[in-house]
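Chemist: Based on the provided sequences and hints, a complete structural model is requested.
Residue 175 is where the sequence shown starts when you use our numbering, and the numbers rise one by one after that.
Keep in mind that the hints were calculated from the coordinates and are not lab data.
Just so it is clear, CB atoms sit at the ideal spot from N, CA and C, and this is done for glycine as well.
Check before you lean on any hint, since a few could be wrong.
Just the calculated beta-carbon pair ranges, DEER-fashion [said to hold, decoys possible]:
#1 V268 with A189: 29 to 35 Å
#2 S198 with S247: 33 to 39 Å
#3 T213 with I233: 28 to 34 Å
#4 V268 with L248: 17 to 23 Å
#5 T213 with L178: 17 to 23 Å
#6 R241 with M208: 35 to 41 Å
#7 F236 with L270: 29 to 35 Å
#8 P249 with L270: 28 to 34 Å
#9 P215 with A264: 33 to 39 Å
#10 D211 with G188: 20 to 26 Å
#11 I233 with R256: 17 to 23 Å
#12 L273 with L181: 38 to 44 Å
#13 R256 with V185: 38 to 44 Å
#14 G188 with P215: 21 to 27 Å
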Amino acid sequence: MELLQILFLAVIQGAAELLRVSSSAHVIVAEKLMGLDPTAPQMTLLLVMLHTGTMFAVIVHFWRTWRSTYFGSLPAFRINARYVVSATVATGIVGLLLLQFIKYGAAKSA
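Modeler: Written out as structure tokens, the structure reads:
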């Protein structure tokens with residue numbers, strides 16, 4: 175794969191990521207149109223790296239706003255930290271329950 179192809183896919187990823195559409199689907203369609211195999215392991219790695227690059231770009235862009243909002247004072251930090259911990263614990267519990275449901279549901283149907 176050439177650098178120009180990677181840059182083209184990166185532009186598609188970056189533009190589509192902030193829209194209400196699937197950026198992954200756009201990149202995969204572009205890969206197919208360019209004659210690349212989206213199922214190849216190196217293409218999966220590229221897609222992950224494109225998403226990682228987009229994530230870092232968003233963090234850099236919004237960092238000042240987030241820092242002043244979430245870390246501006248100790249009380250604000252504590253409140254937001256509680257929200258993050260609560261959401262993480264709740265997500266973990268739901269995930270574990272779903273995992274058990276899927277395991278036992280699959281075992282019963284097999």
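Chemist: Could you say whether the range 17 to 23 Å given as a hint is met by the Cβ separation of V268 and L248?
Modeler: 30 Å, violated
Chemist: Range first: 38 to 44 Å. Now tell me if the beta carbons of R256 and V185 are that far apart.
Modeler: Given about 39 Å between the Cβ atoms, the range holds.
Chemist: In this structure, is the beta-carbon distance linking R241 and M208 contained in 35 to 41 Å?
Modeler: For M208 against R241, whose Cβ atoms are near 39 Å apart, the range 35 to 41 Å holds.
Chemist: In this structure, is the beta-carbon distance linking T213 and I233 contained in 28 to 34 Å?
Modeler: Taking Cβ atoms as reference, T213 and I233 lie about 30 Å apart, which means the hint holds.
Chemist: Does the beta carbon distance between S198 and S247 stay inside 33 to 39 Å, or does it fall outside?
Modeler: 38 Å, holds
Chemist: Using the beta carbons of P215 and A264, state whether their distance is inside 33 to 39 Å or not.
Modeler: Taking Cβ atoms as reference, P215 and A264 lie about 34 Å apart, which means the hint holds.
Chemist: Could you check the hint for me, namely that V268 and A189 are 29 to 35 Å apart, CB to CB?
Modeler: Cβ of V268 to Cβ of A189: about 33 Å, so the range 29 to 35 Å holds.
Chemist: Taking 38 to 44 Å as the hint, is the beta-carbon distance of L273 and L181 inside that range?
Modeler: 39 Å, holds
Chemist: Taking 17 to 23 Å as the hint, is the beta-carbon distance of T213 and L178 inside that range?
Modeler: 22 Å Cβ-Cβ, so the 17 to 23 Å window holds.
Chemist: With 29 to 35 Å as the target window, see if F236 and L270 comply at their CB atoms.
Modeler: 31 Å, holds
Chemist: Starting from the hint 28 to 34 Å, judge whether the C-beta atoms of P249 and L270 obey it.
Modeler: Taking Cβ atoms as reference, P249 and L270 lie about 32 Å apart, which means the hint holds.
Chemist: Confirm or reject the claim that D211 and G188 have a C-beta distance inside 20 to 26 Å.
Modeler: 22 Å, holds
In this structure, only the earlier hint numbered 4 is contradicted, and the remaining ones agree with it.
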